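2 protein chains.
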Amino acid sequence: MKIVNKRQLTDNGRTPALRGLRSDALKALEAALEAVDPKRAVLDKLHLSGDWIGVGSKHVHLNDAGKVIVVGGGKAGGPMAEGVEEALGDRVTAGSVNVLRGTESSFRLKRIRLNPASHPIPDEEGVRGVRDMIGLVSALGADDVVICLISGGGSALMPLPSEGVTLGDIQGITAGLLKAGATIGELNSVRKHLSAFKGGQLARACRPARVVSLILSDVVGDPIDTIASGPSAPDPTTFADAVNVLKKYGLFGHLSEGVRGHLAGGMEGSVAETPKADDPLFRDVHNVVVASNLAAAERAAAMAGDLGYNSLLLTTHLEGEARHAGVFLSGLARGVQVNGHPLKLPACLVLGGETTVAVKGDGVGGRNQELALSASMSVGGLTCVIAVLGTDGIDGPTDAAGALADGATTARALEKGLSPGAFLERNDSYSFFKALGDNILTGPTGTNVNDLTLILCGLNRDE
Amino acid sequence: MKIVNKRQLTDNGRTPALRGLRSDALKALEAALEAVDPKRAVLDKLHLSGDWIGVGSKHVHLNDAGKVIVVGGGKAGGPMAEGVEEALGDRVTAGSVNVLRGTESSFRLKRIRLNPASHPIPDEEGVRGVRDMIGLVSALGADDVVICLISGGGSALMPLPSEGVTLGDIQGITAGLLKAGATIGELNSVRKHLSAFKGGQLARACRPARVVSLILSDVVGDPIDTIASGPSAPDPTTFADAVNVLKKYGLFGHLSEGVRGHLAGGMEGSVAETPKADDPLFRDVHNVVVASNLAAAERAAAMAGDLGYNSLLLTTHLEGEARHAGVFLSGLARGVQVNGHPLKLPACLVLGGETTVAVKGDGVGGRNQELALSASMSVGGLTCVIAVLGTDGIDGPTDAAGALADGATTARALEKGLSPGAFLERNDSYSFFKALGDNILTGPTGTNVNDLTLILCGLNRDE
Numbered sequence: 003m004k005i006v007n008k009r010q011l012t013d014n015g016r017t018p019a020l021r022g023l024r025s026d027a028l029k030a031l032e033a034a035l036e037a038v039d040p041k042r043a044v045l046d047k048l049h050l051s052g053d054w055i056g057v058g059s060k061h062v063h064l065n066d067a068g069k070v071i072v073v074g075g076g077k078a079g080g081p082m083a084e085g086v087e088e089a090l091g092d093r094v095t096a097g098s099v100n101v102l103r104g105t106e107s108s109f110r111l112k113r114i115r116l117n118p119a120s121h122p123i124p125d126e127e128g129v130r131g132v133r134d135m136i137g138l139v140s141a142l143g144a145d146d147v148v149i150c151l152i153s154g155g156g157s158a159l160m161p162l163p164s165e166g167v168t169l170g171d172i173q174g175i176t177a178g179l180l181k182a183g184a185t186i187g188e189l190n191s192v193r194k195h196l197s198a199f200k201g202g203q204l205a206r207a208c209r210p211a212r213v214v215s216l217i218l219s220d221v222v223g224d225p226i227d228t229i230a231s232g233p234s235a236p237d238p239t240t241f242a243d244a245v246n247v248l249k250k251y252g253l254f255g256h257l258s259e260g261v262r263g264h265l266a267g268g269m270e271g272s273v274a275e276t277p278k279a280d281d282p283l284f285r286d287v288h289n290v291v292v293a294s295n296l297a298a299a300e301r302a303a304a305m306a307g308d309l310g311y312n313s314l315l316l317t318t319h320l321e322g323e324a325r326h327a328g329v330f331l332s333g334l335a336r337g338v339q340v341n342g343h344p345l346k347l348p349a350c351l352v353l354g355g356e357t358t359v360a361v362k363g364d365g366v367g368g369r370n371q372e373l374a375l376s377a378s379m380s381v382g383g384l385t386c387v388i389a390v391l392g393t394d395g396i397d398g399p400t401d402a403a404g405a406l407a408d409g410a411t412t413a414r415a416l417e418k419g420l421s422p423g424a425f426l427e428r429n430d431s432y433s434f435f436k437a438l439g440d441n442i443l444t445g446p447t448g449t450n451v452n453d454l455t456l457i458l459c460g461l462n463r464d465e
Numbered sequence: 003m004k005i006v007n008k009r010q011l012t013d014n015g016r017t018p019a020l021r022g023l024r025s026d027a028l029k030a031l032e033a034a035l036e037a038v039d040p041k042r043a044v045l046d047k048l049h050l051s052g053d054w055i056g057v058g059s060k061h062v063h064l065n066d067a068g069k070v071i072v073v074g075g076g077k078a079g080g081p082m083a084e085g086v087e088e089a090l091g092d093r094v095t096a097g098s099v100n101v102l103r104g105t106e107s108s109f110r111l112k113r114i115r116l117n118p119a120s121h122p123i124p125d126e127e128g129v130r131g132v133r134d135m136i137g138l139v140s141a142l143g144a145d146d147v148v149i150c151l152i153s154g155g156g157s158a159l160m161p162l163p164s165e166g167v168t169l170g171d172i173q174g175i176t177a178g179l180l181k182a183g184a185t186i187g188e189l190n191s192v193r194k195h196l197s198a199f200k201g202g203q204l205a206r207a208c209r210p211a212r213v214v215s216l217i218l219s220d221v222v223g224d225p226i227d228t229i230a231s232g233p234s235a236p237d238p239t240t241f242a243d244a245v246n247v248l249k250k251y252g253l254f255g256h257l258s259e260g261v262r263g264h265l266a267g268g269m270e271g272s273v274a275e276t277p278k279a280d281d282p283l284f285r286d287v288h289n290v291v292v293a294s295n296l297a298a299a300e301r302a303a304a305m306a307g308d309l310g311y312n313s314l315l316l317t318t319h320l321e322g323e324a325r326h327a328g329v330f331l332s333g334l335a336r337g338v339q340v341n342g343h344p345l346k347l348p349a350c351l352v353l354g355g356e357t358t359v360a361v362k363g364d365g366v367g368g369r370n371q372e373l374a375l376s377a378s379m380s381v382g383g384l385t386c387v388i389a390v391l392g393t394d395g396i397d398g399p400t401d402a403a404g405a406l407a408d409g410a411t412t413a414r415a416l417e418k419g420l421s422p423g424a425f426l427e428r429n430d431s432y433s434f435f436k437a438l439g440d441n442i443l444t445g446p447t448g449t450n451v452n453d454l455t456l457i458l459c460g461l462n463r464d465e
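Residue numbers (this note's numbering), protein chains in the order written: chain A, 3 to 465; chain B, 3 to 465.
Just so you know, not all the hints are guaranteed correct.
Pairs involving identical chains hold if they fit within one copy or between any two copies, as the list cannot separate such chains.
Claimed, not checked - Computed cross-link-like contacts, DSSO-like style, restricted to lysine-lysine with a CA-CA straight-line distance of at most 27 angstroms:
id, residue 1, residue 2
1, 362, 418
2, 418, 250
3, 47, 8
4, 112, 362
5, 29, 436
6, 181, 362
7, 112, 249
8, 362, 250
9, 346, 60
The hints are simulated quantities; they were obtained by calculation from the structure and are not laboratory data.
These numbers were taken from a predicted model, which means no experiment stands behind them.
Turn these sequences into a full structure, and let the hints guide you.
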């Protein structure tokens, strides 16, 4: 969870004032990453004390005969499983967790099996892993406990098509809805009603065992019914919603026989609806967010405070098109420098969230680097740094996690004959920052709690 | 300076919680407008005390023989002139100020003449007014004082083409540069070098008299060389800059004989360059911003505090495309409601600045109403109000100053069969809020210090 090119990023021919801000920005980002390390997040929340499993402030009783079964999946499944085994030791009976293919052998586990699965397109191995989980939880009793590990990517990594539905059906419908511009809420209502696992159905399969879900949130605002399509959360959507969405986007007429039959069954009541918030089964389900964007942002703000900045966690709900967010954030930076609002210098504003990019050009980039590029174009000359980082370490289809922009970025680019506007125009933010040596490199961090943006503004000590 | 449809805006079938927030938002906006009333702003800064004219913390000596000449122009010229006569009484010798045609008879003035002029397209009457000013200041001595009143719209209201250049030349070039996408800085470098008044040239004409410029800022960040094209401010741009801009946008080849000759003279040195920051003449020039977006935003935040809100002046540098700013601001509102960042409830965030709209549709609207419409689409269900106001009372080509959006706006629109997205798509924000009764109406306020956005979020006392 380190920024691997720290020295290069702070040692790169800038003024001392900007170098200091850059170094501090990286320290605050590293502290934030540390705070949302999945294993550490699990260990912070989960502990065993006598006959009780403590999860944050909640406690679940476990008698000697009670089994502890671990299931779940997501990009952070491996380190979260390590955390559970470290916290509960031999009390773990068995476990099966789906993780990104290629990482299944990277963790030291005694009782929990890691199953390789595919992301973002789900595959049959993922389905096998989920069937394995269902097998483990199906025959449990009221004395038993299921610990469910949920993190980003879990929706694709934990596929289980409903009867009559194929993985291919789900892939086709998902692609069609995305292309037609469906919202994430609309998409989820359909996915949950073509699955036998999502939308609270895992929790139902665990009955009568108690369920503790440990959730590493990769969705802005931490909606537990949305993260990994909410396998242990009540589903606010219905079969009717799913059908309406498919009709709205003109896909209903093109469904396979199997999908059509399944949806018809759901509408008629011969196929069970996903469990709703008033379902008594949720009395024995505890959904606990163990790490989130908020935790990362709070840590970054605290670290900036320790480093001597007036710091403010502005929001964990940064959204919108990356290039426009960049304009907004550069305006904030300018305001801090010009009249000390909302903070006096030296100042650090922390924003969490996740922006989007409507790709139009043929360049290489990601939302975080594009935000940084756009912001850099409006902070020229300011003693400001804007650091943008995807906490998973992967920004778009690049090997960078984000980028560092500052008041000298535009001038340095123009010196090298690079036009920031032209790079932005073709969505080529990665190439832009690579040419300047200003990509932030972490490698995959194993966690994912959305993105962080830090705006640091300082006194110009060089003048 | 009142919101004239206050009762309608707060009495319109919403929940008590939203009604309370709406009412408080309007109170804070009215207080802000009051704080930047041009006459009051002049009276707050300008006073006579014995032989001294005080301007804020600066003082200018005035002996018995010294004349006081008042010149300038802008949309707030009338009330500012009233303020000067009230502050200095009989010490005002004479004055000539250009104002919007039709308002020249609306003010009670004894010694200052108001000249009608045209905006946004300058006209010959405007030129006559400026020549009148030049006549008044040209023969002054070192004992005399010129008080220059500058406010938004002053660039168009105070035209004085350089020798050989016509108003038509300037209009054509301005339109061409705007169409080609020139920045305001580029545009100003050209306008200042085709004028005998802008870019510090008024200050030069006043020599050896002392100059006190009272500036009502309508530009984000209050750059005095930009407001009304800076007639009393050093000009950072040169003839060479102006020529480069004209070449960059392909207009240089199409210039009239007169313009070409004037620019050539400037490049050769036979026509004087605009005065620069190191010109000794500026030792006797005091440029004082008497009211600005910051003053309005500070007052709004203070009023919200008085009304019981945790309040924060977030920035006076809100910029960017209105609809994207709306997305950003709705994210901030959601963050305040969800996790109390940056403020605990009840909360009021104040943002000043000026957004833009790239008009693509054929609807009727303005930047402030479009921002409110866009924001309303993402705050559905929240106990939040987003109030957006142009301080001049005029938002786009409409009779509204802005709009009130809240957590019920989308639901109310859908009930009436109105699709917020469709109205946004065709830039029809005025019609949208008119149908809901949610335009904010003030009439022209006589001031202009950009725009204000307030985000108020409260506890949902209705639940």
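27 angstroms Cα threshold - placement of residue 362 relative to residue 112: Classified as neither; 48 angstroms inside a copy, 62 angstroms across copies.
Can you tell me if residue 362 and residue 250 fall within 27 angstroms by alpha carbon in one copy, between copies, both or neither? This pair counts as both: shortest intra-copy Cα distance 26 angstroms, inter-copy 26 angstroms.
With identical chains treated as interchangeable, where does the CA-CA distance between residue 112 and residue 249 reach 27 angstroms or less: within a copy, between copies, both, or neither? neither (48 angstroms within a copy, 72 angstroms between copies)
From the Cα coordinates, with 27 angstroms as the cut-off, is the pair residue 346 and residue 60 best called within, between, both, or neither? The answer is between: 26 angstroms across copies meets 27 angstroms, while 41 angstroms in one copy does not.
Tell me, please, which holds for residue 47 and residue 8 at an alpha-carbon limit of 27 angstroms: within, between, both or neither? Answer is neither; intra-copy 31 angstroms and inter-copy 51 angstroms both fail.
Are the CA atoms of residue 29 and residue 436 at most 27 angstroms apart within a copy, between copies, both, or neither? within (21 angstroms within a copy, 50 angstroms between copies)
Please work out whether the CA atoms of residue 181 and residue 362 approach to 27 angstroms or closer within one copy, between two copies, in both situations, or in neither? both (14 angstroms within a copy, 24 angstroms between copies)
With 27 angstroms as the alpha-carbon cut-off, assign the pair residue 418 and residue 250 to within, between, both or neither. Close across copies (21 angstroms), not inside one copy (50 angstroms); limit 27 angstroms.
How would you classify residue 362 and residue 418 at a CA-CA limit of 27 angstroms: within, between, both, or neither? Only inside one copy: residue 362 and residue 418 sit 25 angstroms apart there, 36 angstroms across copies, limit 27 angstroms.
Checked against the numbered hints above, the structure breaks hints 3, 4, 7 and satisfies the rest.
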